[in-house]
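Protein sequence lines, in the order shown, are assigned to chains S and Y.
Numbering of the first sequence is given in this note's numbering, commencing with residue 43 and proceeding in unit increments.
Numbering of the second sequence is given in this note's numbering, commencing with residue -15 and proceeding in unit increments.
Derived from the structure by calculation, the hints contain no laboratory data.
Backbone N, C-alpha and C fix where the C-beta goes; we use that ideal spot for every residue, glycine too.
It cannot be assumed that every hint is accurate.
Estimated spans, in silico, between C-beta atoms of each pair [said to hold, decoys possible]: (1) S:E100 - Y:S(-11): 25 to 35 angstroms; (2) S:L53 - Y:L23: 16 to 26 angstroms; (3) Y:P39 - S:T68: 23 to 33 angstroms.
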Amino acid sequence: DQQVKQNSPSLSVQEGRISILNCDYTNSMFDYFLWYKKYPAEGPTFLISISSIKDKNEDGRFTVFLNKSAKHLSLHIVPSQPGDSAVYFCAASDPKGTYKYIFGTGTRLKVLA
Amino acid sequence: GAGVSQSPSNKVTEKGKDVELRCDPISGHTALYWYRQSLGQGLEFLIYFQGNSAPDKSGLPSDRFSAERTGGSVSTLTIQRTQQEDSAVYLCASSPDIGSYEQYFGPGTRLTVT
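Bound-form chain S, shown alone (with noise of 0.2 angstroms):
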């Protein structure tokens, strides 16, 4: 079972305006939220990350929003450039503290010029 769903595959912005990717969990016991960005042929880079007792962590373009309520984390970067092409990944910390990172599928972006 997906316990971390990213239900867009792919989503394609204009240079210059907001790009937002959406994840949605089933467990609401998860405490960590992380967005990773990852370019081809590299692995994961962190991005932004986001704790349950928060709604939103904004770093400089990036925010992240959590809200409890619906299971669902949106990742906000405005404005998007051409650099931020790249898969995004979020992830929830298993909250069983076995440190275990549960990933959602991921979704690509592309920032159009």
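Based on these hints, arrange chain Y on the given structure of chain S.
Relative to chain S, chain Y alone:
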């Protein structure tokens, strides 16, 4: 400084052969994780190490998979009697300690079983 490195970057092997994948974590990082990404799938957790011990091996797909870590540094993931469904990118990540949420990933090893 040096990041996480993995070798080989690509491995093609025949079905039934054993393969060994290597991960060199960032120096000083005590936590080490192995994942795999099959085509069109997300990252699948396999195993993590805190130091040299692996408290949770439940993510390993079968008993053909094993992993070890020595000296609190280098880790090897071994797949015995490889099957075609083992074809995937195997990713290793490290973090300063087990309580650190942020993980630093290596570039991965692309394994193809023919």
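Going down the list of hints, with the structure as the test:
1. The hinted window of 25 to 35 angstroms between E100 of chain S and S(-11) of chain Y holds, with their beta carbons roughly 33 angstroms apart.
2. For the pair L53 of chain S and L23 of chain Y, the supplied restraint of 16 to 26 angstroms holds, since their beta-carbon distance comes to about 20 angstroms.
3. At roughly 25 angstroms, the beta-carbon separation of P39 of chain Y and T68 of chain S lies within the given 23 to 33 angstroms, and the hint holds.
In summary, the structure agrees with every hint in the numbered list given earlier.
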